[in-house]
Every structure is written in structure tokens, then in C-alpha cells.
Amino acid sequence: MSAELLDRARAWLAQDPDPETVSELTAIVDAAAGGDAAAIADLTDRFDARLTFGTAGLRGELGAGPNRMNRLLVQQAAYGFAQFLLGREEKPSVVIGYDGRVNSDVFAKDSAEIFAGLGMTVMLFPHVVPTPVTATALRSLGYSAAVMVTASHNPPRDNGYKVYLGGADEGSQIISPADHQIEALILEAASMNRADFPHSTEYQLAPESLIDEFVAETAKVSTRPANPIPFVYTALHGVGWDVSNRCYLAAGLGDAIVVAEQIEPDGAFPTVAFPNPEEPGALDLAYATADRAGVDIIIANDPDADRLAVAIRDKGAWRRLTGNEVGSLLGWRAAERNKGTGKKAALAASIVSSPALRAVAEDYGIPYTDTLTGFKFVNRVPHLIFGFEEALGYLVDPDKVRDKDGISAAVDFLAMAGELRERGSTVSDHLEEFAAQFGAFASTQISIRVNNLSEIPAITNRFRATPPTTLGGRAVTAVDDFGNGFENFPPTDLVRLTIEGGSRVIVRPSGTEPKLKIYIDAAVTDGDNRSARVAEVVAALEADLKAFIA
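Going by the numbering used here, the letters in the sequence shown line up with residues 137 to 686, in that order.
Quick caveat, the hints were computed from the structure, so don't treat them as lab data.
Do not take every clue at face value.
[What the hints assert, rightly or not] Pairwise CB distance ranges (calculated):
(1) Met137 x Ala601: 41 to 47 Å
(2) Pro334 x Ala614: 33 to 39 Å
(3) Asp662 x Ala404: 47 to 53 Å
(4) Thr605 x Gly417: 35 to 41 Å
(5) Ala404 x Arg146: 28 to 34 Å
(6) Asn588 x Pro334: 53 to 59 Å
(7) Glu400 x Pro334: 33 to 39 Å
(8) Pro650 x Ala453: 40 to 46 Å
Note that CB positions come from ideal geometry on N, CA and C, so glycine has one too.
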């Protein structure tokens with residue numbers, strides 16, 4: 137082990153303001169200095185890299201060192217972000233929210249004190265709030281920026297730091313080049329002594345009226361069915377329940393039956409291995425609660441409530457709807473609401489989301505846009521009335537917020553379910569109605585986790601150089617390589633295969649994990665029994681793709 141590595145660790149210790157991480161790192165440094173191999177490897181992992189501030193901000197495991205989330209790293213990030221804002225205007229303003237993860241409140245307060253110390257106007261929520269509340273507050277206050285301390289649906293030991301910009305960005309998350317500019321300023325802050333960061337407690341606490349406004353605006357999404365449908369709600373140990381419950385009641389949707397074991401914020405996430413409603417087992421307690429209550433719909437938010445998962449009882453068994461299915465139904469509602477208003481409108485989805493929304497847009501004569509993956513691109517489409525991404529993110533009220541919002545999406549979905557119930561129908565029936573009007577669409581994914589990132593280009597290059605000519609018994613009619621830019625897209629590592637009959641396959645690396653993702657979207661747009669036929673198509677495409685990459 138190099139002496140330089142130990143020196144860097146000791147220099148970090150000298151500035152670390154957190155007794156817990158000081159104690160943690162001191163033990164590792166002492167063991168590494170004594171030659172302990174595991175400690176040396178641990179120290180190397182913590183100090184040979186640094187968490188990078190990208191378009192999703194910061195996100196990583198809690199712990200000491202620059203490659204972990206901790207108070208020193210967050211204070212450096214806050215100082216760097218503040219310099220970015222001060223370079224844009226003389227007196228910036230920031231609203232700060234935080235979720236229920238470990239240290240979220242501490243990171244939020246540290247940020248508030250640094251922003252205030254630099255003379256900025258600062259408003260800090262005095263308690264946990266969902267991410268959509270913070271993102272909405274930025275717009276309603278007319279502030280320069282917002283910070284949300286959250287790691288969304290990441291593993292329990294993670295935390296994160298997400299930022300939004302006001303002004304011309306209208307409350308959206310940052311995109312390039314702002315991320316690179318902020319990262320450069322954070323690195324400058326990291327070269328400073330933390331003692332030189334000014335601190336002040338002269339900041340405001342956010343009034344409850346901001347949440348009242350969020351609730352009132354969200355309730356407007358509801359059509360207030362006369363006979364609301366009963367439902368079970370789980371927060372997955374996150375911060376969604378209090379605000380969601382107020383929205384449900386204000387929207388005339390009645391009281392939820394809650395999953396009691398998961399309703400309160402708990403950064404340990406004790407009942408789930410991974411607090412993501414898409415993960416196997418995450419909804420097991422919700423299913424059990426709904427079975428006891430005899431209820432047929434489950435609503436689940438991820439821990440910061442910007443995503444929505446829905447499960448329905450279908451033919452006596454539980455069926456978790458895909459993000460594409462929920463997005464398609466909510467997009468249809470948005471198009472129907474807009475009909476006859478004369479309002480300029482657009483629909484949008486990330487390119488890896490189902491083409492079903494494009495079919496809706498074409499039917500209603502509304503412009504449609506595919507965007508890069510990430511909601512920060514979806515929500516920037518002009519005249520947007522609805523946008524979604526297949527990873528459970530939906531935006532049903534863009535006038536209020538410019539980010540995915542799992543609370544308003546739930547209100548809209550429950551209002552729809554109530555309307556269906558009043559006419560003797562169900563969500564399952566409505567999916568069949570969608571297939572009859574727009575075509576049947578079905579999706580699945582193949583994820584290939586790798587030990588070495590160099591394995592990913594080898595697979596994607598096969599799709600570029602020698603792509604399959606047929607898949608699922610249908611001809612591959614086009615292969616589009618986005619590597620050098622394609623249509624209106626900048627260069628991005630993505631290959632799209634178009635398949636006879638309207639189906640498609642998209643191949644791209646994961647943006648957050650060491651794995652390759654293959655998105656399969658099957659379509660059947662003519663004839664009878666469309667839903668049954670599209671299930672066969674997606675299965676055939678999946679089988680052929682697995683054989684191709686084997």
C-alpha cells in the first residue's frame with residue numbers, strides 16, 4: 137500500500153465533521169497501516185475514486201471517503217453547487233427537501249447552512265417530504281434551484297443528492313452541460329479546507345402552505361368518482377404516505393387501506409431486501425393486506441414517492457402492471473382530457489418505453505416525441521400534457537411539477553378505476569379496450585450483468601455488425617445505430633431493431649449498473665385476440681434474442 141493513499145485518508149479525517157465516519161475511517165486506516173489486506177482494499181475503494189456529480193446528482197453508499205456519501209462530500213457538493221448558482225445570478229434562492237433515509241436530514245441541514253452562509257435565500261423543509269413536493273415548491277416559489285436529498289429506490293445503505301433548476305429550466309433536473317460545470321466546481325471545493333466554507337443558520341423553514349398547495353393542485357387531477365374504488369397503499373418505508381393520504385382525501389378517493397408494516401419512514405427498510413416496487417417480493421405484504429381486505433387494487437410508491445407501481449387482481453390472481461401499461465392508460469386519459477380544448481399539446485416518453493403512447497398520439501392527432509432515457513429529458517418537451525418512462529415514472533400534471541410524480545399519477549389512476557367501476561368495468565377490461573382501439577403492446581427486458589464493463593461493447597457490437605435478420609419469425613426491417621447520433625438524438629450507445637408488424641428491440645447499457653439491457657416491445661395492431669397474440673410475440677422475440685446473445 138502506498139504512503140500517499142494513507143496520507144489522503146488522514147487528510148480526509150482531519151476535515152471530516154462527522155464523529156461516526158471519523159471513527160469508521162480511523163479504524164480502517166489503522167488496520168491498513170498495519171498491513172491488513174482487507175482494510176487496504178477497503179481504503180483503496182474509498183479513495184481511488186470519487187462519487188461523480190452527474191445529471192442525476194450524487195448517489196452512493198453511506199460511509200467515509202470521497203467514494204461514499206457522507207457529510208464532508210455533501211458539504212463540498214453544496215459549496216460547489218452554490219458557486220454554480222452564484223455564477224448565474226447575484227442572489228440565488230434554493231429550497232431543500234429530504235427523505236427518510238439515514239442522514240438525509242443531516243445532509244439537508246448542512247447544505248442549508250452553507251447556502252445561507254454564502255448569502256443565498258434558503259428555505260428548508262422542517263420534516264421529510266416526497267420528492268415531488270420539493271420539485272413543485274421550486275416552481276411555486278419561483279426560486280433559482282432545489283435540492284432533494286434522496287436515493288429514491290436504491291439499496292438501504294445508499295443516499296443521494298438531486299438538484300433542480302428554476303428559471304429557463306422551469307424546475308427540471310439538470311442536464312448537460314450543467315452537470316459538468318457543477319462537477320468542476322465541486323472538485324474545486326474539494327481542494328479547499330472545509331473550515332473555509334461559510335456557515336449560517338439564517339435560513340427559513342418551509343411553511344406547511346407549500347404542502348397545502350401541492351395537495352390542492354394534485355386533487356384537481358381527480359374526476360372525483362361518485363363511488364371511489366377501495367385500494368391498498370404501501371409507502372415501502374418511504375415518505376409518501378402523509379402527503380398521498382391528504383391528496384386521496386382531497387381528491388374524493390376515500391381512505392386507503394395501508395400496509396401497516398411499511399407505512400412509516402424507516403431508513404433501514406426492514407421488510408424489503410431492496411426498496412423498489414419492481415423488485416420480486418417488494419409487494420408481498422401489500423398482496424397479503426389486500427387479500428385480507430378483499431381489495432382488488434394496490435398502489436405503491438417508491439421511498440421518495442416519485443414513482444408509482446400498481447397491482448390489480450386479474451382472474452383471481454395478482455398482476456403487477458408494467459410501467460408501460462400504466463403509462464399507456466394515463467396517456468390515453470391525458471389525450472382524452474385535452475380533446476376539444478384547443479390547447480397546444482404533446483405526448484412524450486423515453487425511447488426505451490413502449491411505443492403504445494405514440495399510437496395514442498397518432499389517434500388523437502397530438503405530436504409525440506421519443507426522448508433520451510431519463511425523466512429530465514421527457515419533461516422538457518414543449519407543450520407536454522403527459523410523459524412517462526417505463527421505469528414507473530409518470531407526469532400527469534406538468535403545469536404543477538416538471539418531474540415524475542408518483543402521487544398525482546396515483547390520484548389519476550384511482551380516479552380512472554373509480555370511473556370504470558361506475559360503468560361496471562375494471563382496469564383489466566380497460567386494457568382490452570386500449571388494445572382494441574390502439575393495438576396491443578407487450579414488453580419485457582433481458583438484463584445481462586457483467587463483471588467487466590468491456591464485455592458490454594462486445595455484445596452491442598454484434599447487434600451493430602451482424603444483427604439478426606429475423607426475430608420471432610418476423611423480419612428485422614431496420615437497424616438504427618445511435619452511436620454517432622440519429623435523427624434528433626445526440627450520440628448515445630443504443631441500437632434499435634425495427635421488426636415487421638410494429639415490434640422493436642432496443643439494446644443499451646444500463647446508466648447506473650454494470651449490465652446490458654435489452655428492451656423488447658411487441659405490437660399487434662390488427663385482427664382479433666390482440667392481447668393473447670401479443671403475448672406470444674413478445675415470448676418469441678425474447679427466446680430468439682436469448683439464443684442470439686448466448
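Consistency of the hints with the structure:
1. Met137 x Ala601: 41 to 47 Å: holds (43 Å)
2. Pro334 x Ala614: 33 to 39 Å: Violated, at about 57 Å.
3. Asp662 x Ala404: 47 to 53 Å: Hint holds: Cβ distance 51 Å, inside 47 to 53 Å.
4. Thr605 x Gly417: 35 to 41 Å: Once the Cβ atoms are compared, 40 Å apart, the range 35 to 41 Å for Gly417 and Thr605 holds.
5. Ala404 x Arg146: 28 to 34 Å: Given range 28 to 34 Å: holds, Cβ gap about 31 Å.
6. Asn588 x Pro334: 53 to 59 Å: With a Cβ separation near 45 Å, Asn588 and Pro334 fall outside 53 to 59 Å, so the hint is violated.
7. Glu400 x Pro334: 33 to 39 Å: holds (36 Å)
8. Pro650 x Ala453: 40 to 46 Å: With a Cβ separation near 34 Å, Pro650 and Ala453 fall outside 40 to 46 Å, so the hint is violated.
Hints 2, 6 and 8 from the list above are not met by this structure, while the remaining hints are.
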